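Construct the complete structure from the given sequences, taking the supplied hints into account.
Given next are the chains, with one letter for each unit.
2 protein chains.
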Amino acid sequence: MKNVWIAGIGMTKFGRRKDSLEDMILEAARIALVDSGYDDFDAVYVGAMHPEGFLGTSNLASVITDYLGLVPAPAMRVESASSTGAALFTAGFHAVASGDCRRVLIIAGEVMTRVPTSKATHILSQVIDGDERRHGATMPALAALSTRRYMVEYGLTSRELALVAVKNHANGARNPYAHFQKEITIEDVMSSKLICDPLRLYDCSPISDGAAAVVLTDTPSAIRVAGFGQATDLISVQMRSDLTHFTSTRIAAERAFKMAGISPADIGTAEIHDAFTSFEIIGSEDVGLFPPGGGRRALIDGITQHDGRLPINASGGLKARGHPVGTSGLAQVVEIVLQLTGKAQYPHPQGVRYGLTQSVGGLATNNLVTIMEAIR
Amino acid sequence: MKNVWIAGIGMTKFGRRKDSLEDMILEAARIALVDSGYDDFDAVYVGAMHPEGFLGTSNLASVITDYLGLVPAPAMRVESASSTGAALFTAGFHAVASGDCRRVLIIAGEVMTRVPTSKATHILSQVIDGDERRHGATMPALAALSTRRYMVEYGLTSRELALVAVKNHANGARNPYAHFQKEITIEDVMSSKLICDPLRLYDCSPISDGAAAVVLTDTPSAIRVAGFGQATDLISVQMRSDLTHFTSTRIAAERAFKMAGISPADIGTAEIHDAFTSFEIIGSEDVGLFPPGGGRRALIDGITQHDGRLPINASGGLKARGHPVGTSGLAQVVEIVLQLTGKAQYPHPQGVRYGLTQSVGGLATNNLVTIMEAIR
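First to last, the protein sequences are chains C and U. Those letters in the first sequence? Residues 1 to 376, by my numbering. Those letters in the second sequence? Residues 1 to 376, by my numbering.
To be clear, the hints were calculated from the coordinates, so they are not data collected in a lab. All values reported here derive from a predicted model rather than from experimental measurement. Glycine residues also receive a C-beta, built at the ideal position from the N, C-alpha and C atoms. Just to be clear, a hint being listed does not mean it is correct.
Unchecked claim - Listing some non-contacts, in silico: residues in chain U with all C-beta distances to chain C over 10 Å: (1) E27; (2) V34; (3) Y38; (4) D100; (5) T138; (6) R149; (7) E160; (8) R174; (9) E183; (10) P206; (11) I262; (12) P291; (13) R309; (14) G351; (15) R353; (16) I375.
Unchecked claim - Quick list of the computed label-pair ranges, beta carbon to beta carbon: (17) C:G342 with U:K18: 54 to 62 Å; (18) C:G99 with U:D19: 38 to 46 Å; (19) C:T185 with U:D39: 52 to 60 Å; (20) U:Q238 with C:K2: 50 to 58 Å; (21) U:G56 with C:K2: 34 to 42 Å.
To be verified - Below, a sample of chain U positions facing chain C; criterion: calculated Cβ distance under 10 Å: (22) A61; (23) Y67; (24) F228.
Below, the structure written as structure tokens:
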């Protein structure tokens, strides 16, 4: 398998935006093109979770390739629910690693704020098990089940959980691309609206618009894709043996570390899918950065702060940077590259060799882990 | 780049079906699993053009992987409008050719008949250029423009064009998987309802349900993937320099033949995207089987009949086998494998070494060509 390198990255500011999905994707793509120095590609991979539902947009891969002036480059759309941006990265990796493509452009975007919040919530809830959905489950409801169980098993309190939101908002406040750019307090979290006990509004990532882009190449550059892994899990949450950890993340991480030939101890910074605050803790344990229950301890001890021993979501994460569903998995890759190359405009660890991303599709039915290596 | 082989195939009967998308996909997948002799996979690729619009189904790749009992295999959905099944094949090819996956399962399905025809037509028209759509264009309208121009340039008459439908219905009548299984006459075509001049009802492929599956592997088998190519074109038809030929097919074919190291003269059977009868003629010329205008002559001379020198759509094609949009590109691959291995239940050429498929995404904005080789 050929080595694959990252030649360029691009991202829009996330938030409630007025421009079209196409315009946002083009903005992110053009930044990545300039960053890479390339202007022709062997393939274009476009990711969006549900542009039909959010916008009524179809045939997105062809449209974007045309608008970018990249015709006749082959193009396809990839989708895996809320991990779409990461699955896209996998598809592009295979194209380059196979030797069939020397350079590919990967772009993800989602516009979610154009529909009423109730419709957005409906679209998001369609990714969970149909039977559980008919019995009233939603994404936050299932996440709340998982969170409550974690509290019981590991002694996590609501005030401790609020530290994730406080940390990530503080990080996001220094990230010019973030949806939310203001700091919050534990009291802000504790007094915010209860969404589904024990999750409050500030425990949930926002509905956002945003796009991200990455150029992959077979030519050595400053950042190498060291490894990636992907795994699925049963759609029905009630059929799983463990509510407080996601097998799909664990298997994905094992595969990624095996490919990279390193261990979790080698990771210097991580972007973890904190669609809900508890998912950051669970995800950090599932990828192996901490033992079960250890994510809580690391949070309380400040280890995961941007200046801690192992920063998690130094960018602000999905919680504060925002969560345009199809984009987040690729935005995490962009953030890790910004950190590894020292180009992130927010406080982040310096001189790190390996950075990790973890993305969750659906209620952890399709999760991915990527590991990037800085070559110095 | 590693060689990639086809280890198994599966397909449902096409038509107006009562079972769910998931059930149809599972049926095709299980046939392919049994055919391949494998029951575990390194990845699952699922294709559907618009299950959200036709059915309200989301997170399809995870759902199918779970229902097939293949968790935790990585899974993703691929989409490229009406060439989705072929783009899926490309994504799976890259996964195996890279060496990252040894065995992948590729499945495509679409249920279109559950919504009223007017809604299906609306969904299909969303893939064309937004500006042309707002001015009243639909898929058949743009195809009609192309057909009329071909008639002017190459002297094709409506009665000659009807020969495509007559041939493909005669072929479909002998294919137990076909949507339509009755022969028709030139008079039937000529007296059918005018859809968009010069295209009549019998010049258009039907709205169908159906699924297809293919197992790709790095282990030598009877069928090798000799080559494939993909290319995009401008979304807006009015911006193109040629209405009677599709640049995207031409470039895709050049790439496929280059990879396979053969020429069009080596092809012994072909499945061409005859969503409209004229597209079979145009497609056969674009892939290089005949010179411009030569597709008409070959049709009239019976060369493309199932017992002619170069059979085209011996299966009945999209016209008679049916056209579940996301499935067709992969169904073509299944048909070619059936023909190359002598397992097709309909009359088809014997002892052929190379078979070709050509798939059209949108109004020829994202086209693919694959070439399969029988190893004897």
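Verification of the hints:
1. E27: holds, 19 Å
2. V34: At roughly 22 Å from the nearest Cβ of chain C, U:V34 sits farther out than 10 Å, so the non-interface label holds.
3. Y38: holds, 17 Å
4. D100: Answer for U:D100: violated, closest chain C Cβ roughly 6 Å.
5. T138: holds, 13 Å
6. R149: Non-interface label stands for U:R149: nearest chain C Cβ at 21 Å, farther than 10 Å.
7. E160: Its Cβ never comes within 10 Å of chain C, the nearest being 31 Å, so this holds.
8. R174: Check passes; 34 Å lies beyond 10 Å.
9. E183: With a cut-off of 10 Å, U:E183 remains clear of chain C, as the shortest Cβ separation is near 35 Å.
10. P206: holds, 20 Å
11. I262: It holds; U:I262 is separated from chain C by about 18 Å at its closest Cβ, greater than 10 Å.
12. P291: U:P291 clear of chain C: closest Cβ-Cβ about 21 Å, beyond 10 Å.
13. R309: Label holds. Min Cβ-Cβ 31 Å, cutoff 10 Å.
14. G351: holds, 30 Å
15. R353: Given a closest Cβ separation of 23 Å, the condition holds.
16. I375: Check passes; 21 Å lies beyond 10 Å.
17. C:G342 with U:K18: 54 to 62 Å: holds, 60 Å
18. C:G99 with U:D19: 38 to 46 Å: For U:D19 against C:G99, whose Cβ atoms are near 40 Å apart, the range 38 to 46 Å holds.
19. C:T185 with U:D39: 52 to 60 Å: Holds, since C:T185 and U:D39 (Cβ atoms, about 54 Å apart) stay within the stated range.
20. U:Q238 with C:K2: 50 to 58 Å: 41 Å Cβ-Cβ, so the 50 to 58 Å window is violated.
21. U:G56 with C:K2: 34 to 42 Å: holds, 41 Å
22. A61: OK, holds: U:A61 within 10 Å of chain C, min 6 Å.
23. Y67: The hint holds - U:Y67 has a Cβ within 10 Å of chain C, the shortest such distance being about 8 Å.
24. F228: It holds, given that the least Cβ distance between U:F228 and chain C is near 9 Å, below 10 Å.
When held up to the earlier numbered hints, the structure conflicts with 4 and 20 and fits the remainder.
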